[in-house]
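There are 2 protein chains.
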Amino acid sequence: MTTQYPGHVPDGVAYTGGQYTALKDLMVSILDLGYTQGAATYDVAHVINNRFFRLDWHLERFYQSSAGLDLAIPVTPSELTDILSQCVRRAELSNALVWMGVMQGIPATGNPRDYEACATRFYAYAKPYYGISNADASAGVSLQVSTVQRIPPDSVDPHLKNHHWLDLRRAQIEARRQGYDTTVLIDRQGNIAEGPGFSVCAVRNGTVWSADETALGSVTVRAIRLIADELGIPFIHSSLPQDEFRESDEVFIASTSGGITPVISVDTRPLPQDGFGPVSNRLVRAYWEKHSDEEWTTPVQ
Amino acid sequence: MTTQYPGHVPDGVAYTGGQYTALKDLMVSILDLGYTQGAATYDVAHVINNRFFRLDWHLERFYQSSAGLDLAIPVTPSELTDILSQCVRRAELSNALVWMGVMQGIPATGNPRDYEACATRFYAYAKPYYGISNADASAGVSLQVSTVQRIPPDSVDPHLKNHHWLDLRRAQIEARRQGYDTTVLIDRQGNIAEGPGFSVCAVRNGTVWSADETALGSVTVRAIRLIADELGIPFIHSSLPQDEFRESDEVFIASTSGGITPVISVDTRPLPQDGFGPVSNRLVRAYWEKHSDEEWTTPVQ
Numbered sequence: 003m004t005t006q007y008p009g010h011v012p013d014g015v016a017y018t019g020g021q022y023t024a025l026k027d028l029m030v031s032i033l034d035l036g037y038t039q040g041a042a043t044y045d046v047a048h049v050i051n052n053r054f055f056r057l058d059w060h061l062e063r064f065y066q067s068s069a070g071l072d073l074a075i076p077v078t079p080s081e082l083t084d085i086l087s088q089c090v091r092r093a094e095l096s097n098a099l100v101w102m103g104v105m106q107g108i109p110a111t112g113n114p115r116d117y118e119a120c121a122t123r124f125y126a127y128a129k130p131y132y133g134i135s136n137a138d139a140s141a142g143v144s145l146q147v148s149t150v151q152r153i154p155p156d157s158v159d160p161h162l163k164n165h166h167w168l169d170l171r172r173a174q175i176e177a178r179r180q181g182y183d184t185t186v187l188i189d190r191q192g193n194i195a196e197g198p199g200f201s202v203c204a205v206r207n208g209t210v211w212s213a214d215e216t217a218l219g220s221v222t223v224r225a226i227r228l229i230a231d232e233l234g235i236p237f238i239h240s241s242l243p244q245d246e247f248r249e250s251d252e253v254f255i256a257s258t259s260g261g262i263t264p265v266i267s268v269d270t271r272p273l274p275q276d277g278f279g280p281v282s283n284r285l286v287r288a289y290w291e292k293h294s295d296e297e298w299t300t301p302v303q
Numbered sequence: 003m004t005t006q007y008p009g010h011v012p013d014g015v016a017y018t019g020g021q022y023t024a025l026k027d028l029m030v031s032i033l034d035l036g037y038t039q040g041a042a043t044y045d046v047a048h049v050i051n052n053r054f055f056r057l058d059w060h061l062e063r064f065y066q067s068s069a070g071l072d073l074a075i076p077v078t079p080s081e082l083t084d085i086l087s088q089c090v091r092r093a094e095l096s097n098a099l100v101w102m103g104v105m106q107g108i109p110a111t112g113n114p115r116d117y118e119a120c121a122t123r124f125y126a127y128a129k130p131y132y133g134i135s136n137a138d139a140s141a142g143v144s145l146q147v148s149t150v151q152r153i154p155p156d157s158v159d160p161h162l163k164n165h166h167w168l169d170l171r172r173a174q175i176e177a178r179r180q181g182y183d184t185t186v187l188i189d190r191q192g193n194i195a196e197g198p199g200f201s202v203c204a205v206r207n208g209t210v211w212s213a214d215e216t217a218l219g220s221v222t223v224r225a226i227r228l229i230a231d232e233l234g235i236p237f238i239h240s241s242l243p244q245d246e247f248r249e250s251d252e253v254f255i256a257s258t259s260g261g262i263t264p265v266i267s268v269d270t271r272p273l274p275q276d277g278f279g280p281v282s283n284r285l286v287r288a289y290w291e292k293h294s295d296e297e298w299t300t301p302v303q
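Chains A and B supply the protein sequences, listed in that same order.
First residue of the first sequence: 3, per our numbering; consecutive thereafter.
First residue of the second sequence: 3, per our numbering; consecutive thereafter.
Treat the hints loosely; a few may be bogus.
[Stated by the list, open to error] Using C-beta positions, here's what the derived DEER-type ranges look like:
| # | chain 1 | residue 1 | chain 2 | residue 2 | range |
| --- | --- | --- | --- | --- | --- |
| 1 | A | N97 | B | Q180 | 43 to 51 Å |
| 2 | B | E246 | A | A24 | 54 to 62 Å |
| 3 | B | G192 | A | D276 | 44 to 52 Å |
| 4 | A | A24 | B | Q180 | 39 to 47 Å |
| 5 | B | E81 | A | H239 | 48 to 56 Å |
| 6 | A | A69 | B | H10 | 22 to 30 Å |
| 7 | B | E246 | A | L228 | 49 to 57 Å |
[As the list claims (entries may be wrong)] Some chain B residues well away from chain A (every beta-carbon gap over 10 Å; in silico):
| # | residue |
| --- | --- |
| 8 | E62 |
| 9 | A74 |
| 10 | E94 |
| 11 | Q180 |
| 12 | N193 |
| 13 | L228 |
| 14 | L242 |
| 15 | D269 |
| 16 | D276 |
| 17 | N283 |
[As the list claims (entries may be wrong)] Short derived list, chain A residues pointing at chain B, Cβ under 8 Å:
| # | residue |
| --- | --- |
| 18 | H10 |
| 19 | L33 |
| 20 | D72 |
| 21 | C120 |
| 22 | V150 |
| 23 | S157 |
| 24 | H165 |
The set of hints was computed from the structure by calculation and includes no laboratory data.
This one's a predicted model, so the numbers in the text were calculated from it and none came from an experiment.
C-beta atoms are modelled at their ideal positions from N, C-alpha and C, and glycine is treated no differently.
Using the sequences and the hints given, assemble the complete structure.
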């Protein structure tokens, strides 16, 4: 059924079941357990100037998520790379966001608990790169520390990228209503966890901090850590209580769409700098330089 | 895109955007936040012999879930009742499962955190009634107490029916691999929570127990509680530690698809009865009798 779908549907090219199509026509059955049970995983890479950025790390995470969630990907990493390249080329994009996903499918028995009776559905697509642009990024965002707790690892392993966003969404809606741009959730112990679709980093006494690496698997944070090592900037993964986080010297958020964005206030406290602080500035400059580094990128075929 | 969709797609009739269509053609865009973020809610009622069972309670819960998740339903309860009836009649079903759902939609800005920039999508459909049939039910199921914790209320309110099933699914997969039919998850304190798509009740010393009513909102358990009151059988909602649960005299699972199903073993312990125990037996008989009671049902128009 070609339902009228309101909202911004970008031009883009999608792949599934051996065929390429317009992104607007890539659909999920209402009966797919990928929809009804969030039984799905995905990853999102980006292309800048016809080069994928750390596609190796995205593929590694995608296959790990898939294995951890018992969702078989029916293509090899090499085939997947070809499919992603095809999507980008067919969409005629030099800067793109590139999705890859796999969902459970519909059980052959009709019983929604018969996961073994499903054939998984793999898909991929490319759409124009968006996110907080470099220009907007320097303006910075206000961030609220939410009272909402991130879904804990005892329930769903946060390393396995998934579509369970109701906690993130609730925190985001509450933050917006209270006048903040965005939010970061806490874990059960009240430590800083992650935001809706991004990781949070803080700079404290010259050291870059990010949430315990057991909790998350951000590709952008992985890049930042490696860059920090190269620049001789100390970097630690640890648990950070929200009270200590509020006293940070610099804060930024990190995600594939947007890269690194400065935070200009945490709750009601303005941060010392309006925009990037001195440490963040060095990291963000190097981060974008890496986008033309052959060791960090893969050309679109 | 009319993708080849493997799996069992039942005959059924769906409604969305003012139109009726075959169930197999009801699709969700890959960009809908209902898919990518599980930003959706739903409810499932059932029809036996052309009568909805406790449709009032299902509608009440559906509108509560929708309000709690900030997902506007664009039809009134009376319009919704008409739509559900239409789906059942057009599908020519006298016994049916009837879904109603609403998903976030695609943001007009393209920014996946702009929930205010979305027009929600409402849908409904009817398909043949299935589930653990009365015949199969009497055979009973083996149940494992899982080590997986149900997503806690601090993250996602379990009263608000949602598509976050990865915890339930993980427990179900693990139980099957270990030779059990099904599973029940625990809460953070190790108390019995709920199973994948059903509630669990136990009978202990003549009293029917179900998980604390703050934790769940099962329509079938609500029916059982009312029936227990009528029959003079004591019923309590409370926290039940898993060790006490394992020592129950009778255990059954309760859900819209299937009604009441006996549990014949908990972990490695067989229950005293093979099939329904004496208390469960009284409840299940009265439960099915209520399906022709005018006060408990609504005719399909």
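Structure-based check of all given hints:
With their beta carbons about 48 Å apart, N97(A) and Q180(B) fall inside the hinted range of 43 to 51 Å. For the pair E246(B) and A24(A), the beta carbons lie near 57 Å from each other, so the given range of 54 to 62 Å is met. The hinted window of 44 to 52 Å between G192(B) and D276(A) holds, with their beta carbons roughly 49 Å apart. Our hint of 39 to 47 Å for A24(A) and Q180(B) holds, since their Cβ atoms are close to 45 Å apart.
Under the hint 48 to 56 Å, the C-beta atoms of E81(B) and H239(A), about 52 Å apart, fit the expected range. For the pair A69(A) and H10(B), the supplied restraint of 22 to 30 Å holds, since their beta-carbon distance comes to about 26 Å. Between E246(B) and L228(A) the C-beta distance comes to about 51 Å, which sits within the given range of 49 to 57 Å. Under the 10 Å C-beta cut-off, the non-interface status given to E62(B) relative to chain A holds; the minimum distance is some 21 Å.
With 10 Å as the threshold on Cβ separation, the claim that A74(B) sits away from chain A holds: the shortest Cβ distance comes to roughly 13 Å. The claim that E94(B) lies off the interface holds: its Cβ sits roughly 18 Å from the closest Cβ of chain A, which is beyond the 10 Å cut-off. Q180(B), annotated as away from the interface, keeps every beta carbon of chain A farther than 10 Å; the closest lies near 14 Å. Against the 10 Å criterion, N193(B) stays outside the reach of chain A, whose nearest CB is about 14 Å from its own CB.
Listed as a non-interface residue, L228(B) keeps its Cβ farther than 10 Å from every Cβ of chain A; the least gap is roughly 27 Å. Listed as outside the interface, L242(B) is consistent with that label: its C-beta sits roughly 19 Å from the nearest C-beta of chain A, beyond the 10 Å cut-off. With a least CB separation of 19 Å from chain A, D269(B) remains clear of the 10 Å interface cut-off, as annotated. Non-interface status of D276(B) relative to chain A is upheld: no Cβ of that chain comes within 10 Å, the nearest being about 23 Å off.
The non-interface label for N283(B) is consistent with chain A: the shortest C-beta to C-beta separation is roughly 25 Å, beyond 10 Å. Taking 8 Å as the C-beta contact cut-off toward chain B, the hint placing H10(A) at the interface holds, the least distance being around 4 Å. Of the supplied interface hints, the one on L33(A) holds, with its beta-carbon coming within about 6 Å of a beta-carbon of chain B, less than 8 Å. Contact between D72(A) and chain B, as hinted, is supported at the beta carbon level, the nearest pair being about 6 Å apart and thus within 8 Å.
Hint on C120(A) holds. Least Cβ distance to chain B is approximately 6 Å, under the 8 Å limit. At about 7 Å, the closest approach between the beta carbon of V150(A) and any beta carbon in chain B falls short of 8 Å, and the interface hint on this residue holds. For S157(A), the interface hint holds, since its Cβ comes within 8 Å of a Cβ in chain B; the closest pair sits about 4 Å apart. For the restraint placing H165(A) at the interface with chain B, the shortest Cβ-Cβ distance is roughly 5 Å, inside the 8 Å limit, so the hint holds.
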